[in-house]
Every structure is written in C-alpha cells, then in structure tokens.
Amino acid sequence: MDALVQSPAAVAGSGKQKQSTLSGWGRLPVPGRELVGEDLEAATRGAVLSRGLGRSYGDSSLPAAPAHKVVCTRLADRVLAFDAASGLLRAEAGLSLAAMIRLSMPRGFFTPVTPGTKFVTLGGMVASDVHGKNHHREGCFGAHVTALKLRLASDELVECSPTREPELYWATVGGMGLTGHILEVEARLHAIPSSWIWAESSRVGSLDEYLSALAESAPRWPMTVGWIDCVGRGKHVGRGILTCGRWAEPGEAPAAAPREPRAKNFPVDLPSWALNDFTAGAFNTLYYWKHLRRRREGIVHPDAFFYPLDAILHWNRAYGSRGFTQYQCVLPRRAGAPAVREFMELLTRLGGASPVCVIKDCGPQGQGLLSFPLEGTSIAVDMACTSETQRTVDRLNEMVIAAGGRIYLTKDRFTRAEHFRAMEPRLPRFEAARATYDPTRRLKSAQSVRLLGDTP
Amino acid sequence: MTKAALKAAILGATKGMGRELARQMAARGDRLFLLGRDAGDLARSAADLGARAGKDAAGFGHAVCDLERPDSFAPALDAAEAALGGLDAVVVTAGMFASQAELEADVELARRVATVNYANTLAFCEHARRRLLARGGGRLVVFSSVAGERGRKPVVIYGSSKAGLSAYLEGLDHKFHAQGLRVVCVKPGFVKTSMTAGLPAPPFAGEPEQVARQVLARIDRPRPVVYTPRMWALVMWIIRLLPRFVMRRINF
Numbered sequence: 001m002d003a004l005v006q007s008p009a010a011v012a013g014s015g016k017q018k019q020s021t022l023s024g025w026g027r028l029p030v031p032g033r034e035l036v037g038e039d040l041e042a043a044t045r046g047a048v049l050s051r052g053l054g055r056s057y058g059d060s061s062l063p064a065a066p067a068h069k070v071v072c073t074r075l076a077d078r079v080l081a082f083d084a085a086s087g088l089l090r091a092e093a094g095l096s097l098a099a100m101i102r103l104s105m106p107r108g109f110f111t112p113v114t115p116g117t118k119f120v121t122l123g124g125m126v127a128s129d130v131h132g133k134n135h136h137r138e139g140c141f142g143a144h145v146t147a148l149k150l151r152l153a154s155d156e157l158v159e160c161s162p163t164r165e166p167e168l169y170w171a172t173v174g175g176m177g178l179t180g181h182i183l184e185v186e187a188r189l190h191a192i193p194s195s196w197i198w199a200e201s202s203r204v205g206s207l208d209e210y211l212s213a214l215a216e217s218a219p220r221w222p223m224t225v226g227w228i229d230c231v232g233r234g235k236h237v238g239r240g241i242l243t244c245g246r247w248a249e250p251g252e253a254p255a256a257a258p259r260e261p262r263a264k265n266f267p268v269d270l271p272s273w274a275l276n277d278f279t280a281g282a283f284n285t286l287y288y289w290k291h292l293r294r295r296r297e298g299i300v301h302p303d304a305f306f307y308p309l310d311a312i313l314h315w316n317r318a319y320g321s322r323g324f325t326q327y328q329c330v331l332p333r334r335a336g337a338p339a340v341r342e343f344m345e346l347l348t349r350l351g352g353a354s355p356v357c358v359i360k361d362c363g364p365q366g367q368g369l370l371s372f373p374l375e376g377t378s379i380a381v382d383m384a385c386t387s388e389t390q391r392t393v394d395r396l397n398e399m400v401i402a403a404g405g406r407i408y409l410t411k412d413r414f415t416r417a418e419h420f421r422a423m424e425p426r427l428p429r430f431e432a433a434r435a436t437y438d439p440t441r442r443l444k445s446a447q448s449v450r451l452l453g454d455t456p
Numbered sequence: 001m002t003k004a005a006l007k008a009a010i011l012g013a014t015k016g017m018g019r020e021l022a023r024q025m026a027a028r029g030d031r032l033f034l035l036g037r038d039a040g041d042l043a044r045s046a047a048d049l050g051a052r053a054g055k056d057a058a059g060f061g062h063a064v065c066d067l068e069r070p071d072s073f074a075p076a077l078d079a080a081e082a083a084l085g086g087l088d089a090v091v092v093t094a095g096m097f098a099s100q101a102e103l104e105a106d107v108e109l110a111r112r113v114a115t116v117n118y119a120n121t122l123a124f125c126e127h128a129r130r131r132l133l134a135r136g137g138g139r140l141v142v143f144s145s146v147a148g149e150r151g152r153k154p155v156v157i158y159g160s161s162k163a164g165l166s167a168y169l170e171g172l173d174h175k176f177h178a179q180g181l182r183v184v185c186v187k188p189g190f191v192k193t194s195m196t197a198g199l200p201a202p203p204f205a206g207e208p209e210q211v212a213r214q215v216l217a218r219i220d221r222p223r224p225v226v227y228t229p230r231m232w233a234l235v236m237w238i239i240r241l242l243p244r245f246v247m248r249r250i251n252f
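From first to last, the protein sequence lines stand for chains A and B. Residue numbers for the first sequence follow the working numbering, beginning at 1 and rising by one. Residue numbers for the second sequence follow the working numbering, beginning at 1 and rising by one.
Honestly, the hints are just simulated from the structure, not real lab data. In this text, all values refer to a predicted model and were calculated from it rather than measured experimentally. Ideal Cβ positions, reconstructed from N, Cα and C, are used throughout, including at glycine. Certain hints may be false.
Calculated lysine-lysine pairs in the PhoX-like style (CA-CA distance at most 25 Å, straight line) [as the list claims (entries may be wrong)]:
| # | chain 1 | residue 1 | chain 2 | residue 2 |
| --- | --- | --- | --- | --- |
| 1 | B | K192 | B | K153 |
| 2 | A | K290 | A | K264 |
| 3 | B | K7 | B | K175 |
| 4 | B | K192 | A | K69 |
| 5 | B | K192 | A | K264 |
Just a sample of chain B residues kept apart from chain A, beta carbon distances all over 10 Å, derived [to be verified]:
| # | residue |
| --- | --- |
| 6 | D88 |
| 7 | A119 |
| 8 | G171 |
Chain B on its own, in the form it takes in the complex:
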C-alpha cells in the first residue's frame, strides 16, 4: 500500500530531532515547508533535504518563523500553505531550553523560556489548528517533553512550561478530535542531541534517528501522546507514582 505524500510545515527542522525527522519525511517523499528563525540556516537545511531526497533544493521552501515573535506565525503558515497548496500536517519540534541553574540565575531568561515553550507555542498551534480545521482536519504534531510530567528539581522552570503545553495539547485533542484534528503530543526522554551534549547520558538515552522513526509512525497513525524512546513511558509512570516526600529527597 502506498500512502499519499504528506504536505507538512515543520517548525524546527534545522536542528536536532527536527532535522532528523525532516530527513526521514523527505526521504519517503513527503513535501515539506521549513519554518525557523534564520533564513540562511533554513536555506542550508532545504538544500540538504533536496540533495538527500534527490530533487533540486527548490522542492523545499522555507520561511522565517520565530517563536519569540508571535507576529511571524500567521504569515509563515500562510506561506507554507500557499507553497504546498494546502496542509496535511503541522509539526513543531522547536522550543527553548536552558539548565535549571541558568534559569534560576536569570529571571528574564526564565520568563523567555516559559513564554516561548508555553504561550508562544500555544499561539502558533492556534494559528495552525485553524488552518487545519478549515480544510476538514489534519495532524498537529508538537514536541513537548517528559520534563512536563511532574515538577522535578532539575527541570522546575523548563518542565513547567512543557507541562502547560502538554495540558493544552490534551485539551485540543479532546475538543477537536470529532472534527478531524489529530493532535500528537510527543514526549521525548533523554535524546543525544546538541542540547544534551554536555550532560551525562542515562542508560536508555535515545538517538535522534530512533526518535524520528517512532514519531513518523505516529504521524501516520496518530496517538494523543507518544513517549520516545518508548522506555520513557515506563520511567515516567514510576515518577508519577512517587510520593512528594520522595521527590523532595531525590535529585531526578
């Protein structure tokens, strides 16, 4: 059975898991439109996808869309829709990260992280949701994090921003499922990317290729929540069960 190629806009395709997901989607023939902060960087990623997919780079359009600039969201999604002739899926892998120590030392940075990951990502998804519903539904795939499952010492601020995002995505799924919107909240565990490069990797740390493969399967057959690598579903289940007096003691 051959599936029709997807028309997808992807925010965050130039780095990390987003880069790998875009490569796997391009390799199987999906049509992508790249959104990101830096036009030069987007052009390089578009060229990379074009070279790997065996088409010329013109096959992958791109537009600037910055999660710190909400006014860039609607025009970027309009450009994607126009270039692809419609949208089947919108994927968001972008986000903002800083360590708990950095965030505790800098209130302004904490505010930025919370704004980007929660309020601004929500606003972007609202623009995307309307466009998808207007054409009878589609897939909204957003990378949240296992950091949002529970208030934890190493990710107090970052985790709370992702908790808000996860709750929003769950509500979206409940509200618009009947109208054909398929919301996928991706919760990656520890994945070896540039973001986690300086940190000691736990035993079941994932690779971006593996995460991208698992997410791609869930873009095709959507589920409301995807833990990836899958082991993290079990880890977070245990974390959720831990009583507060334990959470206060451990450093995880």
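Chain A with its partners taken away, still in its complex shape:
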C-alpha cells in the first residue's frame, strides 16, 4: 500500500461506523461506498462502476451489490488542454460543468449542449448523453465529443472516437457507464457572441395552444423549453409558460460579464406530507401568475436561463425522505399532439401531482446506441415516491410503448425490464457491443441489474 498523500489534516475521532449509503438525486439510498480520489487510472482498476456528482435521479450510479467498488470521479477535475482559438477542450472526467463554464465563458466559449443543472461532470454528461433546450439544433452532448479515454472491463486503457473503435464509442455515449470507466473527455465547445441570453417567454393558456406555440418557435429559436402546470384541472389543463432564447449579440448584452450567483441552500428535509396536491397546485398557480404579462422579452442571466433550479442547492430535500423520481419520456412526432394530450390526461388521472413538468421539442435521434432523444416531444414530470409510483410508471410506460416512444434512463428508477425491452429496438446492438467489450458483464449498476438482467 502506498499511503503517500498530499494533504496532511487531522483525523477526527474514530467515530461510529455508520452504514454507508449512496443515492441518486431522487434520494432512496442503498448500501454502498464511494471510492474518492484524484487518480482515476488507479481507482478504476478492478472497479465495477463510476459515478460523478450523483445527479442522475434513479439508480444508474448506484452499485448492483453493496460490496461493489463505485469510483467517484469528482476529484479528477484537471483540464488537460484548452485551445482558446478552436474551443477544443480535453479534461479528466470529473471536471464539473460549472467549473468548465467558469473557465470557458470569459474566453467566449460555452458548452454546446447543457442539461438543466451545471452540477454534473463531463463523464456523466457523456454517459447520459445529455440533451438541452437546443436539442432540435445541436443534438446531444455526445455529438460534440471528439474523443474519450476509457478503462474497459478487462482493465485495458483505450482511446476511442467516432472513427476509432466507433462501436465502443457510440455504445459509451449514453451507455450509462456500462461499457467502460470514462477517464478523459475531449469535446468541442461553441463560440458565443456574448455571455448573456436574449429570452422571450409567453404565458400560454392551454395544452393545445402550448404545443402549437412550441412547434412554431422551434425553427425560429435555437433554444426552447416550457413549463406546464400538470396539477391544474378542467380548463387549466396544460396551461404553461414557454421560453425561447438565443445568445445575445454583443450590442444587446450588458458590457459586464454575468456574475456567478450565490446559491441558497435548502436547509432541511421537508416532512413528506409537505408537498401534496394542494401545495403543488398553489405553487403552480403562483408560478403561472408570476408571469403577469402575457409576453416578456429581454436579456437574462445565463444561469437563470439554463439552471433555474441550481439557485437552491439540495432542492431535492423538498420531497422529504420518501424520495422522488422523475418520469421523462419522448413521444415521437408521428404520434403528434393527440399522444401528448393523452399522456397528460393519463398523468392527471393517475394523480401525478408535481410542481415540475417540462415539455420540449427534440430533434432527430443521435448515434448513441442508447441515447434518449427521438424526434418528437419530450415530457418530464417529477413525482414523490409513494406506494402508487410503480403502478403510475407502469401505466405511463404502457402508453409510451403504444405511442412508439421511450424513457430516459438517467431519470429512471421504476421501469420494468420487459417494458424497457419493448421500447428499445436498439437494445440488441448495445448488448452486442457489451458482449464484445465486457463479455462477462463485469461492469454493472443497480439499474443494469433491474433493466438489462445483469446478475448483482
């Protein structure tokens, strides 16, 4: 054992060894322990899974068995190269998006694709093949990645890219960490004209109006997203706020760079009853009417535009210790608006009360073998975990399968293996890639046990 470390600090008392647990963003902890270190090459040797900042909602980053070694990449956060002319960046997989933005934005570059939180790692962005408000223009993050360095199940280190070991590469993009540990990521960032966003938002009274507004703005705006009140009943079904945006031109933007906002902390776990139909409904009504004018436009802070929920750290505590899940699916374009309406009606019937329901447009499917987006409409709803959650997810999945859609693994904790197989015609190709690079399926997660039949 080599015990040489660089940080001499005191070690507090021996302490009682509490059972160590790991959980995703939706909470619901399972027994497990993270292996934290700066040296990913050393840490991943013999490990069965890597995780970043633990922002996937479900069980994608959780160990299949308590004894499994799960590497946390958070401290492997060095930038290895950044070309301020081309925007090409190479970094260790644990670099957070927040840190990457802090580095690139003052130099006129931004991530080509961003999820709804900046508290994710580069490795996690690849493993989930994250998408954002600009999916209809830019596709997923994986489309902008140029190379990856992996540690395979055989412990071998390989460099792959769209041209080098392409099957391994595209299985890894969106592959939930099941094809290898992501050690380094190389990606091309986008040049931005300023560091501010020009946004236009409008209050929309009904679901039909909302969907047609969404369809109409997608070709005109690089970024679109919408919030829907899914608690409202009767004539309020589907009222919402649609937001469109683009990077502001230098002439429109304030001269000063946007200051990094100070996040507030959600200090305590709320009791589980605190968020219920009534409070969620009240919140939604307030949120809807806060947008008093029918239409608003102007310059907004990039964090307020991309990461509104990051303003409150640990907001998942609002759901209390019962935990929560997010159901996110995409319904194909050919199923059209009727499918979206049917989904929303089913959701209301099943009583999925939620202050967060996001509907947006997705562009064509990318090349990641298990990548989530599909040309159509994506719907994401948060829901507290109750004894009904499994049944709700089952019913929603049956509807999504019938419509030809699919779910997002990064959010999922409740889908059944047979449902997943029914919605994923691409699964055999992913499994073939796994069979090539990890024939004994040594790399696994709690999710791969649940959905892909891995042995724990």
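Fit chain B to the supplied structure of chain A, relying on the hints for placement.
Only chain B this time, still in chain A's reference frame:
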C-alpha cells in the same frame, strides 16, 4: 493596490489542498513551479493550471521531488529557482498519511511516515530556507496539522511526526525572522479531501477552496501559525486544556 506576482515553488500541488492553492495562486497571476513525485502527474497539473490561468502550459514548469528521496530536494529547488529567476516563496503541502490502525500494524510504514513528515520535510525546508535567506528572505509556508497539537489516540504516530514539524517551524521563525524569513505553519483541521474521503466528517469540516483562500491570505500577510478552517483554533485550544485523565478516556 496591485501586488507583484509571487515566484513560488510548491511541493504537493497535484492533489488535495495543494492543488486548490496552486489554482488560486495561478488564477491571480503568481508564477509557480511544481514539485512532486511523478513527472506525468506534474505535467497534467501544469497543463491544468495553464488552461485555467489562460496561458500556455509552458508557463508552469515542474520537476520531480520526492519526500522519500532527500537527494532529490536540492536539484528540484535549483530547477525552480532557475526557471522562475529567483524564489519569493516555497510552499509544502505534501506529506504522508496513514490511519492509526494501519500504522500500528506495520512498523516499517510508521517509520516511513515519521521520516517523511518530520526528518525529510525538515531537510527539504533547510534547503529552501538557505535559498530564501540568500536572497534576503522570503516566505516558507508548510502544511503541518492540528494532529500535532497533542498526543491523541486516533493520530498517535502521524500526530507525533507533525508535532516535530510544527516545533521545527516555530524555531525557524524565532531564529530567522529578523533576517527576513517569514515562516507560516499551516495547521489544517478536518478538510474534505481524498485523504479523509472514507472518514465521517465532523460538523465544521472544511472545503479545500476555503482552506486555500485562508492560506493564500497568510502567504500575503504571513503569520507564524494558521489554523484552517478557523474554527479549529478554538477546538485545539480546548483539546490542549484537557487533563490527561480525560485524554485517556476520550477517543478524540
């Protein structure tokens, strides 16, 4: 008021608090030369600092310097001095840690920890001290630990090595202060780094960013002893007052 950029050699900048301190120093324009055990790892940290500081990686030189190999000290410091064209500060964040259980089970490991943290760090500081004094003084900033404040059950061996280091640094300050040497003995409490990753964190555990900020302030305005996070000054004051019969009973 703009301060002139420091020319600093830093031993241990690739990990933990040293990595964060180096990033904050690089971000404000200090010129750094990195010392550490592994040339490849040093090159990666130099690239990281270069990318973050917005200069090319050539701006941050590095040389191998291993606290287990005293013959590497003088050449590494010579290389730093040559590359930077002088030295204003030498920072040591490196050290060796193992848990009390591991150290009790392995006498050779205990000897290594004691040698690295005390005898070899002292030897490195002697080389650094001479170079700084030769140019009229400078800052010698060394990470010791609150573990050295008192003989305690969870850190009997590691703590004693840091106690020796702290005593040496105090003496250096007394002896050479008049000649312009500013010695800063940094005593971190519990800080969330890879070293403490497996341990249950106490309520006032610190973050590396916070520690680096506080140490950086003390590099600019040196003090002989810096507790960080500051709460640990109070904690250790209480620990120092506890009578032996209490220390024998508690597990802290």
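(request) Provide an ascending list of the numbers of those earlier hints which the structure does not satisfy. (result) none
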